[in-house]
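There are 2 protein chains.
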Amino acid sequence: MEPGSTPRTTVKRLPEKAVRDADAVSTILAAGLVAHVAVVEDDQPFVIPVAYAPYGDEILLHGSSASRAFRLLAAGAPTCVTITLLDGLVLARSAFESSMNYRSVIILGNARELTGDEKLAAAEALTEHLLPGRWAEIRPPSAQEMKATSIVSMPLAECSVKISAGGPDDVPEDLLDPVYSRVWAGVVPILEYFGSAEPDDMSGDTPEPPYLTEWSRR
Amino acid sequence: MEPGSTPRTTVKRLPEKAVRDADAVSTILAAGLVAHVAVVEDDQPFVIPVAYAPYGDEILLHGSSASRAFRLLAAGAPTCVTITLLDGLVLARSAFESSMNYRSVIILGNARELTGDEKLAAAEALTEHLLPGRWAEIRPPSAQEMKATSIVSMPLAECSVKISAGGPDDVPEDLLDPVYSRVWAGVVPILEYFGSAEPDDMSGDTPEPPYLTEWSRR
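Order-wise, the sequence lines are chains A and B.
For this note's numbering, add 12 to where a residue sits in the first sequence, where the first one is 1.
For this note's numbering, add 12 to where a residue sits in the second sequence, where the first one is 1.
Keep in mind that the hints were calculated from the coordinates and are not lab data.
These numbers come from a predicted model, not from an experiment.
There are no misleading hints in this set.
Copies of the same chain look alike in the list, so a pair counts if it works inside one copy or between any two.
Each computed SDA-like pair below joins lysine to any residue, with the alpha-carbon atoms no more than 20 Å apart:
(1) K159 to V183
(2) K131 to A78
(3) K159 to E185
Isolated chain A, as found in the complex (with noise of 0.2 Å):
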């Protein structure tokens, strides 16, 4: 079994659109904004949006001290997290073969809450990877703002990877139909860019920082 994979993260369905490799997994991280995670209670799964970052062989989650999921990830709660980037529409000639072309990272197993000097370092991790260059200019985060958020690390030891890209896969019959065959078929892309920045009130007159235009991450 290859590096990463459990028997839990096995891709069962259309396995030839697991991959298994590391560097495939950090492109995907690299790129995200937001993992979904779940946590579980009285058998209920709860699925929350939540500002990550890759760190080495760990992903960083921090959210509300005082927030229920937060308090089950800093437990130890059972957790997967999951980031998903759209890249297009699949338009096939059939209805079956539509679909989407996307890359996704399942990561499973159960996080630790960061404290100390390690807690610090990944704040600035978790500010550096939505925002990069951004911690040196901003006020760092006090001790009592440091208590209201919760940080927590979970290993990429158990994680599958799925990589769905290219064209349409229609069958034969339809590419040979003499209506279907007709159907234009390909992909459209979905693409994510940044848009103009918007000043506060306060910023009118003071220049934007050279990391604002250098933002784009794909």
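Model the placement of chain B on the given structure of chain A, informed by the hints.
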């Protein structure tokens, strides 16, 4: 208690971001393309990205009949379906007040599996949500394709909405600080759009369907 809200979905953290408004739910569901869906097996949650469609007072999800997650969903296992739209990065003068603008819907409940005519109508709704205008042109699913596809429906009865919008909300001390008051602050919008359609090998001479140019979701 307002419609759609139960003790399980009452937003406890940042309740000022909670919105209980059926219009907000339908606007978010109309704009999203992918849901993150959780199921639990042996106390371990799994979160998978799933194509969905809003459908009256319900949400439709579809996947492979053979997938573990869809077998659990079809059996009525407790689930959570989360749709998140990222709208922007919020750059405050402190790390703690920096955040993201987003809109999210979290739906709790149990799905039911659709069959027969109801399932075929749902397949059309799923295609039309992702690819509006497409169903009339493409080959509808065969009986075998329908059998290979699981479509489940979840009521929107138990759901919560969170919307975070607007600019940074800096603490007064930072706005008066000689250094931090001079840091640029504001919002960087995150925009998603559909790029130029890429025809497959057989579609080079086929005119692009007019609905392709109409697809722009935000």
